[in-house]
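There are 4 protein chains.
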Amino acid sequence: MSKGETLWIIPDGYIPPQSSGELTSHESVCVLNTSEKDVTVTIHAYFEDREPLMGMETIVPGRRTRHIRTSSLSADGRTIPAGVPYAMEVVCSGPVYVQYSRLDATQAENALMSVMAYPVKGSGSV
Amino acid sequence: MSKGETLWIIPDGYIPPQSSGELTSHESVCVLNTSEKDVTVTIHAYFEDREPLMGMETIVPGRRTRHIRTSSLSADGRTIPAGVPYAMEVVCSGPVYVQYSRLDATQAENALMSVMAYPVKGSGSV
Amino acid sequence: MSKGETLWIIPDGYIPPQSSGELTSHESVCVLNTSEKDVTVTIHAYFEDREPLMGMETIVPGRRTRHIRTSSLSADGRTIPAGVPYAMEVVCSGPVYVQYSRLDATQAENALMSVMAYPVKGSGSV
Amino acid sequence: MSKGETLWIIPDGYIPPQSSGELTSHESVCVLNTSEKDVTVTIHAYFEDREPLMGMETIVPGRRTRHIRTSSLSADGRTIPAGVPYAMEVVCSGPVYVQYSRLDATQAENALMSVMAYPVKGSGSV
Chain A
999 MSKGETLWII PDGYIPPQSS GELTSHESVC VLNTSEKDVT VTIHAYFEDR
1049 EPLMGMETIV PGRRTRHIRT SSLSADGRTI PAGVPYAMEV VCSGPVYVQY
1099 SRLDATQAEN ALMSVMAYPV KGSGSV
Chain B
999 MSKGETLWII PDGYIPPQSS GELTSHESVC VLNTSEKDVT VTIHAYFEDR
1049 EPLMGMETIV PGRRTRHIRT SSLSADGRTI PAGVPYAMEV VCSGPVYVQY
1099 SRLDATQAEN ALMSVMAYPV KGSGSV
Chain C
999 MSKGETLWII PDGYIPPQSS GELTSHESVC VLNTSEKDVT VTIHAYFEDR
1049 EPLMGMETIV PGRRTRHIRT SSLSADGRTI PAGVPYAMEV VCSGPVYVQY
1099 SRLDATQAEN ALMSVMAYPV KGSGSV
Chain D
999 MSKGETLWII PDGYIPPQSS GELTSHESVC VLNTSEKDVT VTIHAYFEDR
1049 EPLMGMETIV PGRRTRHIRT SSLSADGRTI PAGVPYAMEV VCSGPVYVQY
1099 SRLDATQAEN ALMSVMAYPV KGSGSV
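Chains as they are written, first to last, in our numbering: chain A, 999 to 1124; chain B, 999 to 1124; chain C, 999 to 1124; chain D, 999 to 1124.
For the record, the hints were derived by calculation from the structure and aren't laboratory data.
There could be a bad hint or two in this list.
Identical copies go unnamed one by one, so any copy, or any two together, can satisfy a pair.
With a cut-off of at most 25 angstroms between alpha-carbon atoms, the simulated SDA-like pairs for lysine to any residue come out as follows [to be verified]: (1) Lys-1119 <-> Glu-1055; (2) Lys-1119 <-> Arg-1048; (3) Lys-1001 <-> Thr-1038; (4) Lys-1001 <-> Glu-1049; (5) Lys-1001 <-> Pro-1117; (6) Lys-1035 <-> Arg-1061.
Can you build the whole structure from these sequences, using the hints too?
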């Protein structure tokens, strides 16, 4: 009965390389799984000038949310570099909802942005 | 004739635990009810590491908006804790429109973010 | 051939009552009309505790954009009050695209937020 | 198999004319091309008080993202002026995903905003 989608897109990814002030610059991929079953979330990162970094996996348990820090993701020991523009494809083993937020604390005072990720309709199970 | 939806999703919820400066950190779930009839809005909160907090209710009268502070919500005396990542499911007794905004005043200067909540299409009456 | 919609919703409206620093707090309802014909945009404001303020009109010429300051709107001499939470229904005589942005300069440093307004699909001509 | 759209709309464009602090005010049109083929992205700018500036082209290679600075765009030697409200139509030769973000560094501390561009469904190949 869960109504989410299994493929979500975030074109504007960027891990700010610096922090000052009280908080740390970071991005979160926020996933809500309202179903009873665990969902595997696989993130692929695309870049401007190099091959994609595919297959960074996380589990979101049933009836739970996970606010995934992009800096915590890795695949085969590779991670998303800070200070580099990129984009994300979020592929899920079951239907979920995805929002993307960034806190930029490059300067002492913070800046925030957030978007609902773009849902690919009818993406079905992948 | 009201065209809204009855189920809306907000994956990135967070009540900033601190405020400084002139304004107070807060989140608002902004609901517009353009119909003539009152709508009951029921918010369920999902967490990363504990069971969901279900059934926090508010009324939005006909031809009115309500900008609901998440810190004002409760069910059976339980409230959403500050400083904890969570997600919301917004279930409505009639069709409405929902937007989510956060003011973070952790530092003296403010940061704002806002998203349209994710509408679950064809959610019908619940 | 224009593909926009004629009814757009903005649940979180708020005119910040104060400004400091170099810029002035304001909201903009940004409308793009890619057709050849002028479009009449009629904004209705809904409140938490009073009757709606209906019928604030603006023209957006063909192949033009207008970034409408909400504080400039009026109907029968009535305007949207600052410092009061409200919501907007944007009714258009032809298909357009609508985005909503707010600059909050309550404190010396600025905070920005923006959302695509919520399109009511199949709203047709009104 | 790429599921994006070929026509995306951004009603609120604005290049902040000033910068202070460590970062430079700018806007980015962030495009993700998950297909194997290069896509040509053509941006048309619409204004409040003058004729549109049509036909600013960029290439986004297959399996790459481009975060396009609007100040870098041009057609026939003409560019988008800073400090002027405008809107964008983003026409693509193949299906992609588009997000728009703005960093305003008018004051020493930064303000950020971001929206998913508005997808024109069924826009097909153009």
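Going down the list of hints, with the structure as the test:
Taking the closest pair of Cα atoms, Lys-1119 and Glu-1055 come within 25 angstroms of each other only inside a single copy of the chain (22 angstroms); across copies the shortest separation is 28 angstroms, beyond that limit. For the identical chains of this complex, Lys-1119 and Arg-1048 are neighbours neither inside a copy (28 angstroms) nor across copies (30 angstroms), given an alpha-carbon limit of 25 angstroms. For the homomeric pair Lys-1001 and Thr-1038, the shortest alpha-carbon distances inside one copy (16 angstroms) and between copies (21 angstroms) are both at most 25 angstroms. Taking the closest pair of Cα atoms, Lys-1001 and Glu-1049 come within 25 angstroms of each other only across two copies (20 angstroms); inside a single copy the shortest separation is 33 angstroms, beyond that limit.
In this assembly of identical chains, the alpha carbons of Lys-1001 and Pro-1117 lie at most 25 angstroms apart whether taken from the same copy (12 angstroms) or from different copies (10 angstroms). In this assembly of identical chains, Lys-1035 and Arg-1061 lie within 25 angstroms of each other by CA distance solely inside one copy; the values are 8 angstroms within and 32 angstroms between copies.
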